[in-house]
Structure formats: C-alpha cells, structure tokens
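Note that the numbering used here numbers the sequence shown so that position 33 is 33, with each residue one more than the last.
The set of hints was computed from the structure by calculation and includes no laboratory data.
Incorrect hints may have been included.
[To be verified] Straight-line alpha carbon distances no greater than 25 Å define the calculated DSS-like cross-link-like pairs of lysine-lysine that follow:
hint, residue 1, residue 2
1, K22, K132
2, K10, K317
3, K320, K279
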Amino acid sequence: MEKLIVQGGKPLRGEIAVSGAKNVAMKAIIAALLTEETIHIKNIPLISSVLGTARIITSLGAKINRTDHELTISGKGVHKFQVPLELGGLYRTATMTIGPLLARFGKAVVPNPGGCRLGKRPVDWHIHALEKMGATITYQDGYFVAVAKQLHGTKIEFAKNTHTGTETVILAAVLAEGETVIENASLNRKIFYENYEKEAKNARTRANARIVLQWLQMNKIDCIVFSNNTPESIQGHAKRLKISSYFKEILAASLPGLALSKITKNVMVKEYIKKNELKSHEILIVGDTIEEIQIAKSLGSMVCSITHGNCSTRRLKTAKPDYLISDLGQIINIVRKINS
Numbered sequence: 001m002e003k004l005i006v007q008g009g010k011p012l013r014g015e016i017a018v019s020g021a022k023n024v025a026m027k028a029i030i031a032a033l034l035t036e037e038t039i040h041i042k043n044i045p046l047i048s049s050v051l052g053t054a055r056i057i058t059s060l061g062a063k064i065n066r067t068d069h070e071l072t073i074s075g076k077g078v079h080k081f082q083v084p085l086e087l088g089g090l091y092r093t094a095t096m097t098i099g100p101l102l103a104r105f106g107k108a109v110v111p112n113p114g115g116c117r118l119g120k121r122p123v124d125w126h127i128h129a130l131e132k133m134g135a136t137i138t139y140q141d142g143y144f145v146a147v148a149k150q151l152h153g154t155k156i157e158f159a160k161n162t163h164t165g166t167e168t169v170i171l172a173a174v175l176a177e178g179e180t181v182i183e184n185a186s187l188n189r190k191i192f193y194e195n196y197e198k199e200a201k202n203a204r205t206r207a208n209a210r211i212v213l214q215w216l217q218m219n220k221i222d223c224i225v226f227s228n229n230t231p232e233s234i235q236g237h238a239k240r241l242k243i244s245s246y247f248k249e250i251l252a253a254s255l256p257g258l259a260l261s262k263i264t265k266n267v268m269v270k271e272y273i274k275k276n277e278l279k280s281h282e283i284l285i286v287g288d289t290i291e292e293i294q295i296a297k298s299l300g301s302m303v304c305s306i307t308h309g310n311c312s313t314r315r316l317k318t319a320k321p322d323y324l325i326s327d328l329g330q331i332i333n334i335v336r337k338i339n340s
C-alpha cells in the first residue's frame, strides 16, 4: 500500500495559490444554463468533477472557453434537453440541470446518477420537490423525464437536509413563477458548529475567553478584533457564540478569501490608533502567531502570545513577546499588572 510520510519539526514558509471550492464551481457552471448571457467563472479548480460538469452543459449546446483557471460560458446555443447517459451517470450535478432545462424547453431528460437505484437515495427528494413545483416526472430506462409548462413557487420541506436537493430547488426557483420557500435546507454549518463547540469550548486557547471578555468590559477596557476574516463572518461567529457585545470594533479583510499582509494589518491598526487618538504604548495585542509580535513591536505596543495555537511555543519564545501565556484567563492578571 502506498504511503505519504510527512516529516515535521520544521517551520513552514512560503506561499501557495488556493483554487476555488469545487462544489461552488460546479453549481456556478450549471447556473449558466439559466441565461443566454455570457458568464465568467474565475479561480475554478481543475479537477474531474468540475471539468465533467462543464462537459455536461457543453453536451447540451453551451460553448465554453477555458484559460487556465477561468471559464467563459455562453448558454445562448443550448438547444438540447437530454443529458447523455455517459456523463449523467458519472456526475451527480446532472440532476441539477432539470430546473434550468425545464425553464428553457419545458422538458428535461436526465440520467439517474449512479445508475438505476432509487430506494431512499437523496435524489428522490429532488424529484419530489420539483414535482411540487409543477413538474411531471417519470422514470424511463435509467432516465428521469421531466415535463412542465411553467414551474411555480411553493413551499418545499425536505425530510432531511440535503446539499444537492437544496441547490436543485434554488436553481429551479430562479425562473419559476412566484416565491419558493425551502425548509430544512442544507444545515451543514449549523450541525458542524453544534458538534464543534462541544469540543472547542474545552480547548486551552478557548477556555476562559468569555470570562476575560466580561472582565474587560466590566473594567471599561475596549476590545478590538483585527483579522484576515471578513467583518460579516466575524460578526456571525461572535453572534453565534453570544459574545458580539464585547467588541468595540472589527478591523478585517474587505473581501472573502483576501488575506491581509502584515503590512496591511500594521497600517490598519496604526490608522485606528490615530483616528481614535490612542497611545500605542497603552495597547496590548493578543494573538497566537509571530505576526502579532512583529506588528506590536513596530507600533511600540505590548504583545501577549498564547501557546498551543497557530505557532509552536519555541517559535513564539524566540520572537520574544512581552508576555507568553497558555490560558486566556491569564490576561486578566497581565492587564491588572499593566494598570497597577
């Protein structure tokens, strides 16, 4: 059996190009069937499922030009409503073409992904949902044959959350008449966090965080977040954890996926200090990377590094922060000492 052996113990450095999410790319390609306008999709991952989905809409008459990781799609030439068996049987995204094809032709013929297996497979939910929207769907020789003069909006309630089912209904609802409401839509993020929080709340880097925030607020000490994440995402997490009221300001990236450089963060914090007429030497920056230490030193601020996070304890010690802690609860004593 082949093995991949990773020998650690050394700091990682350098840059990598991160391609877009394949699940988003595939649905964006299918969505191009909804219009005759030219669509540009950038930063797609060049993997079989994404390129296979592109082959599906090409087989229907769409024209696609690819330059590296970018697709230019024209759906103007789409003239077929039947997805070939050799493609539909390989890629589950084939079922999502039903909505757009019904909207354009009033008919769609799509292979059952994976062959003739109905049972309790999630694809049943897609079919029942489309039928509620006005489609008549039969199963003939390994194909779903859907017919509808006009899809109409309705209330869709899935028995279980389903990613592809939710996406299929959304695509169908775009050109349907009226409003479509989807209940029990894919709730994977909620389910993830429900299970994640059970474990994460016990992590050393998370323990006592709420206590510290409450203590700082009670003592009228402002907390500012600066991050590579977006303000909307941070606010969402803070609201979910019920800690949003503890933060005075969020300094973050303006666009999803935009990683702020050390220089950008430095400038961002510096401008905030100037705008609010703060004194750099009275600011304590807390983080678990070398970056916070470097930024604090450049600003003349104090810095507290927390171990067992992003960087090894040895690397943090080498960077010489003013304080090195293993539990966020220790921040309270540090602030007391600073203010004494």
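Numbered hints the structure breaks, given as an ascending list = Violated: hint 1 alone.
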